[in-house]
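All the letters of the sequence shown, read from the start, carry residue numbers 1 to 458 under the UniProt record's numbering.
In case anyone wonders, no lab produced these hints; they're calculated from the structure.
The structure displayed is predicted, hence computed values, not measured ones.
If a hint is listed, it holds; no wrong ones were tucked in.
In silico SDA-like pairs for lysine to any residue, Cα to Cα no more than 25 Å straight-line:
| # | residue 1 | residue 2 |
| --- | --- | --- |
| 1 | K256 | H192 |
| 2 | K174 | R96 |
| 3 | K174 | E130 |
| 4 | K256 | W267 |
| 5 | K174 | A87 |
| 6 | K174 | G254 |
| 7 | K174 | P93 |
| 8 | K256 | T317 |
| 9 | K174 | V82 |
| 10 | K174 | E79 |
| 11 | K174 | R191 |
| 12 | K174 | D259 |
| 13 | K174 | T186 |
| 14 | K256 | E78 |
| 15 | K256 | V82 |
| 16 | K256 | H183 |
| 17 | K256 | L190 |
| 18 | K174 | A249 |
| 19 | K256 | S175 |
| 20 | K256 | L81 |
| 21 | K256 | Q36 |
| 22 | K256 | E182 |
| 23 | K174 | R128 |
| 24 | K174 | D131 |
| 25 | K174 | T126 |
| 26 | K174 | L84 |
| 27 | K256 | L188 |
| 28 | K174 | G80 |
| 29 | K174 | D129 |
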Amino acid sequence: MTELLGLRTWLNENLPELARRYGVPGAAVGVLADDQVVEAATGELNLRTGVPTTTDSLFQIGSVTKLWTSTLVMQLVEEGLVELDAAVTRYLPDFRLAEERAGADITVRQLLTHTSGICGDAFVPTTRDEDAVGRYVDDVVPTLSRDVPSGEGMSYSNSGFAVLGRIVEVVRAKSFPRLLREHIGTPLGLRHWAPTPEEALLHRTAVGHVPGRGGTPEPASFWNLPASLAPAGTVLAMAPRELLAFAGAYLDGGGKLLDAATVERMWRPRVPVPDIGMLGGHLGLGWMVLDWNGHRVLGHDGGTYGQSCCLRVLPETGIALASHANGGENAAFHHELVARAVDRLVGLRPSPLPTPPERPGEVDPERFAGRFDSSTMSLEVTVRPDGSAVARSEALTAEARQLQPEPRVTELVRLDDDRLISTGRLFGAHEVLAFSGGGPGRPATHLFHAGRLTRRTA
1 MTELLGLRTW LNENLPELAR RYGVPGAAVG VLADDQVVEA ATGELNLRTG
51 VPTTTDSLFQ IGSVTKLWTS TLVMQLVEEG LVELDAAVTR YLPDFRLAEE
101 RAGADITVRQ LLTHTSGICG DAFVPTTRDE DAVGRYVDDV VPTLSRDVPS
151 GEGMSYSNSG FAVLGRIVEV VRAKSFPRLL REHIGTPLGL RHWAPTPEEA
201 LLHRTAVGHV PGRGGTPEPA SFWNLPASLA PAGTVLAMAP RELLAFAGAY
251 LDGGGKLLDA ATVERMWRPR VPVPDIGMLG GHLGLGWMVL DWNGHRVLGH
301 DGGTYGQSCC LRVLPETGIA LASHANGGEN AAFHHELVAR AVDRLVGLRP
351 SPLPTPPERP GEVDPERFAG RFDSSTMSLE VTVRPDGSAV ARSEALTAEA
401 RQLQPEPRVT ELVRLDDDRL ISTGRLFGAH EVLAFSGGGP GRPATHLFHA
451 GRLTRRTA
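All chains, full assembly: derive it from the sequences and hints.
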């Protein structure tokens with residue numbers, strides 16, 4: 001308890017300085033330890049209105065929502081209503097992809113572990129009503145392709161989680177927001193949260209911020225991404241304390257949500273994830289499984305349009321931490337805040353984020369140069385005569401261009417035999433590109449970047 005009281009003081013003293021350092025307009029954080037929660041908040045929810053951030057303010061949690069969707073799926077598994085290794089078509093008979101007969105072999109487990117290969121970033125709006133997810137799976141998913149074959153490796157798929165959400169809707173015969181309320185929110189007694197944008201209006205709610213002229217944060221032009229992908233994390237918002245109530249249920253062996261055996265099943269490392277700094281370790285069922293110097297840490301990160309969230313759970317010590325921000329260099333902000341807070345409580349820190357070597361070796365053009373395409377993005381690596389490299393990424397669809405309107409050029413240097421690292425920062429962290437396949441000194445067959453696995457096309 002003494003350490004927790006000391007952490008409250010530390011958060012109140014240091015959170016404002018960290019937010020200023022990383023250009024975060026507003027932030028809220030909560031830490032769960034010894035069945036107690038300490039909270040802190042700083043800054044403004046909206047730079048246009050100047051409303052102060054408070055500990056009960058709502059922030060979108062982005063892809064941390066995938067843990068909630070995974071929980072809904074595993075509740076069905078416990079009840080014998082869904083089998084992980086069953087084909088998706090058992091529950092959604094009309095499920096299909098663009099390729100002829102594609103999709104028939106995709107399983108529920110592959111969706112949970114991001115190994116289905118389905119194009120992951122088709123942020124196509126349908127409706128704002130309760131049929132938004134159903135319309136997406138019926139009308140949009142059949143136009144999507146697999147970027148890599150199912151089971152070939154981890155490739156982050158928002159679209160895949162929309163399909164999972166639809167499975168739960170069909171089996172329960174309820175809409176996704178209602179499922180969140182009845183099967184998670186009500187059992188946990190949540191108050192400061194919103195499964196729909198309309199409910200968020202009833203609370204003190206953060207607005208996302210994006211870089212404006214000169215890089216200064218300015219309020220985003222819209223609040224949420226399409227509700228059609230709500231199970232992937234485009235809508236759900238809450239205060240840190242509510243997210244910690246969810247994490248606390250897992251620390252309590254599932255609490256009112258799941259059986260203890262199911263929690264351990266979800267937390268078991270299953271799919272390796274290449275180390276690209278903010279992402280690495282393994283995937284469990286929905287959860288990211290990280291290794292902090294030999295200690296198992298669970299979690300997930302989330303990012304929406306100008307908002308971000310970081311959740312970390314340490315089962316060995318019974319600690320959970322939720323960090324929320326509405327803009328700025330959020331990757332570096334969350335990493336430093338979480339690392340320093342956990343270090344103060346239990347003397348444990350994650351590995352530092354990767355940085356470019358002082359004297360990088362030359363980039364091997366044979367291995368790294370080339371073009372790698374997904375259904376929504378194209379990335380081409382060019383190696384210069386001086387041994388450095390440059391990557392040019394370009395959105396290929398209208399929806400992808402909404403998030404990246406113009407082609408982006410990234411300066412790269414060699415990190416090791418299979419990875420390149422950016423010399424500049426994105427959201428405060430250096431980007432890492434991991435290449436695989438082909439063998440040493442031969443052209444890589446795959447690129448893993450921002451969680452997406454793509455194949456060489458040129």
